[in-house]
Amino acid sequence: DNGIDEVSLALQTDAWGRTYRTKVVTTHPDPAAIRSLRGLVIVADAEAAVGRYVIQSGAKPAVAKLNEAFAEMGRRYGPGATRLATLGMEYDASPNTKE
Numbered sequence: 034d035n036g037i038d039e040v041s042l043a044l045q046t047d048a049w050g051r052t053y054r055t056k057v058v059t060t061h062p063d064p065a066a067i068r069s070l071r072g073l074v075i076v077a078d079a080e081a082a083v084g085r086y087v088i089q090s091g092a093k094p095a096v097a098k099l100n101e102a103f104a105e106m107g108r109r110y111g112p113g114a115t116r117l118a119t120l121g122m123e124y125d126a127s128p129n130t131k132e
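Letter by letter, the sequence shown follows residues 34 to 132 in our numbering.
Hints are supplied without guarantee of correctness; some may be wrong.
Heads up, simulated DMTMM-like pairs for lysine to aspartate or glutamate below, C-alpha to C-alpha not over 20 Å straight-line [unchecked claim]:
1. Lys-56 x Glu-101
2. Lys-56 x Glu-105
3. Lys-93 x Asp-34
4. Lys-93 x Asp-78
5. Lys-93 x Glu-80
Think of the hints as simulated: they come from the structure by calculation, not from any bench. Only a predicted model underlies this, so the values are computations on that prediction, with no experimental measurement involved.
Based on the sequences and whatever the hints tell you, model everything.
Shown next, in the form of structure tokens:
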């Protein structure tokens, strides 16, 4: 959506890509480009498919959104995939991680 935080988006797409089980593409129902929070123009690669995970924009901090992505990753692929992604990002996803 217009106004999406590109830092949050980048962190989440990096994490999903590190599972080696996900293909990350930009999607939007409207063919027009969108503009991120800080003015980055994003052109969609495809339309969102039913049943696929879609990163949502929101007012939460980037770290909170990243932790949500790891939680969803764990539900979809199990703890091994989440562990691989956090190791690849050198990210400590422990509950003590500050947001």
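Against the structure, the hints come out as follows:
1. Lys-56 x Glu-101: 18 Å, holds
2. Lys-56 x Glu-105: 15 Å, holds
3. Lys-93 x Asp-34: 15 Å, holds
4. Lys-93 x Asp-78: The hint is violated at about 25 Å.
5. Lys-93 x Glu-80: Between Lys-93 and Glu-80 the Cα gap is close to 25 Å, so the pair fails against 20 Å, i.e. violated.
Checked against the numbered hints above, the structure violates hints 4, 5; every other hint is satisfied.
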